[in-house]
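Starting from the known structure of chain A, fit chain B onto it as the hints suggest.
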Amino acid sequence: MAALQAQQFIERSPLYRQQADATLGRLGDSVIVAHYGEHDESPQLQRCALLDLTNLARVGFRGAAAAEYLLERGYQLPEAPNRALTQSDGSHVARLSQTEYLLLGSLRDAGARIAAEEAGWQFSETANYLLPRQDSHAWLLLTGAHIAEVMAKLCGVDLRPEAFPVGAVAQTSAARINVIVVNLPEGELPCFQILCDRASVAYFWDALLDAMAEFGGQPAGIDALL
Amino acid sequence: MKIMPCPLNGPRNISEFTYGGEFKQMPDPATCSDADWADYVFNSDNRAGLVVEWWMHNASSYWFLAERHTVTDEIVRTFDPKEIFTRRVDFAAPAQAREATV
Numbered sequence: 001m002a003a004l005q006a007q008q009f010i011e012r013s014p015l016y017r018q019q020a021d022a023t024l025g026r027l028g029d030s031v032i033v034a035h036y037g038e039h040d041e042s043p044q045l046q047r048c049a050l051l052d053l054t055n056l057a058r059v060g061f062r063g064a065a066a067a068e069y070l071l072e073r074g075y076q077l078p079e080a081p082n083r084a085l086t087q088s089d090g091s092h093v094a095r096l097s098q099t100e101y102l103l104l105g106s107l108r109d110a111g112a113r114i115a116a117e118e119a120g121w122q123f124s125e126t127a128n129y130l131l132p133r134q135d136s137h138a139w140l141l142l143t144g145a146h147i148a149e150v151m152a153k154l155c156g157v158d159l160r161p162e163a164f165p166v167g168a169v170a171q172t173s174a175a176r177i178n179v180i181v182v183n184l185p186e187g188e189l190p191c192f193q194i195l196c197d198r199a200s201v202a203y204f205w206d207a208l209l210d211a212m213a214e215f216g217g218q219p220a221g222i223d224a225l226l
Numbered sequence: 001m002k003i004m005p006c007p008l009n010g011p012r013n014i015s016e017f018t019y020g021g022e023f024k025q026m027p028d029p030a031t032c033s034d035a036d037w038a039d040y041v042f043n044s045d046n047r048a049g050l051v052v053e054w055w056m057h058n059a060s061s062y063w064f065l066a067e068r069h070t071v072t073d074e075i076v077r078t079f080d081p082k083e084i085f086t087r088r089v090d091f092a093a094p095a096q097a098r099e100a101t102v
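These protein sequence lines are chains A and B, in that order.
First residue of the first sequence? That's 1 in the UniProt record's numbering, and the numbers climb one at a time after it.
First residue of the second sequence? That's 1 in the UniProt record's numbering, and the numbers climb one at a time after it.
Hints are not guaranteed to be accurate.
[Said to hold, decoys possible] Over 12 angstroms on every C-beta distance to chain A, these chain B residues come out as not near it, computed from the model:
no.	residue
1	Leu8
2	Gly21
3	Pro27
4	Asp34
5	Gly49
6	Val89
7	Ala92
[Unchecked claim] A few chain A residues that face chain B, going by a derived Cβ cut-off under 10 angstroms, partial list only:
no.	residue
8	Leu96
9	Ser97
10	Thr172
Derived from the structure by calculation, the hints contain no laboratory data.
Backbone N, C-alpha and C fix where the C-beta goes; we use that ideal spot for every residue, glycine too.
In isolation and in its complexed conformation, chain A is listed as follows (with noise of 0.2 angstroms):
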């Protein structure tokens, strides 16, 4: 069977071109980074390593309403702003303000459920608004023992975890540009889900990369995080 690239698929990361060298795996309609080399990722998780989750679906909703609307589609809610829970099924919520919520896809269904919240949103009366997010922004995954170190180099505040512990949120700048930086593990796994603006991206993932040099960070893919 001929390996897959990414140029067969209508979506595409934005970064398919620094992923050139990767081994690529179907995620829903698109693809996703499985590995790099030959060899076990998983120490290279556990140290540091960068994954890049921009194919997997996410989405926003806001308004008056959308607490409501969530907490009757099954999903538990954040008590407060700038604070974020992991699902049962793996997705992660965050909520950005009094009443904005960000839903991120879990790759266990390939994203299937959120996308189908972006999917079956209707407007209506009730003040439930869509927020797309699928191309407004890019979703990377910095994994392992220094992600509060390496996010030290860019980004001002202080998210180590005495003072940004797990579940916490920080809307801010890092490396000159918007992120949301979202403190959920992936299991035992520390890691920051950072949001940045899609179109950034190429640039962001070399910033992040260059300051995960000095802690042997490289790329790395999904397969050692199943």
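Frame of chain A; chain B shown alone:
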């Protein structure tokens, strides 16, 4: 760097914020004169002293109000606009546009 306390996000570098102009009470657009409305839209007080201003936190697109001293540049207080805007502002249907006469 100067630090501004965002009511939603906490203390952040001032470079993360955008200035949005002086906070002004809006005259009733249905009853005020054109001169009053133009004054509201275009003119600034530019006062030396304690002022209330609109600011936005860029990363979260969150608009809030700040009390700032324009002489010392001290930020006295920042707060959510809900402190002032306690209920929805509805606008009456616009008056019939008058044909311009030449």
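Status of the hints after comparison with the structure:
Residue-level check failed: Leu8(B) sits 6 angstroms from the nearest beta carbon of chain A, not beyond 12 angstroms. The Cβ of Gly21(B) sits about 21 angstroms from the closest Cβ of chain A, beyond the 12 angstroms cut-off, so the non-interface label holds. Listed as outside the interface, Pro27(B) is consistent with that label: its C-beta sits roughly 28 angstroms from the nearest C-beta of chain A, beyond the 12 angstroms cut-off. The beta carbon of Asp34(B) is kept farther than 12 angstroms from every beta carbon of chain A, the shortest such distance being approximately 34 angstroms.
For Gly49(B), the non-interface assignment is confirmed: its Cβ lies about 30 angstroms from the closest Cβ of chain A, beyond the 12 angstroms cut-off. Every CB of chain A lies more than 12 angstroms from the CB of Val89(B), the least distance being 15 angstroms, so the non-interface label holds. Annotated as non-interface, Ala92(B) keeps its C-beta farther than 12 angstroms from every C-beta of chain A; the closest such distance is 21 angstroms. The beta carbon of Leu96(A) is positioned within 10 angstroms of a beta carbon in chain B (closest approach about 6 angstroms), and the interface hint is therefore held.
Taking 10 angstroms as the C-beta contact cut-off toward chain B, the hint placing Ser97(A) at the interface holds, the least distance being around 6 angstroms. The beta carbon of Thr172(A) is positioned within 10 angstroms of a beta carbon in chain B (closest approach about 5 angstroms), and the interface hint is therefore held.
In terms of the numbered hints stated before, the structure departs from hint 1 and from no other.
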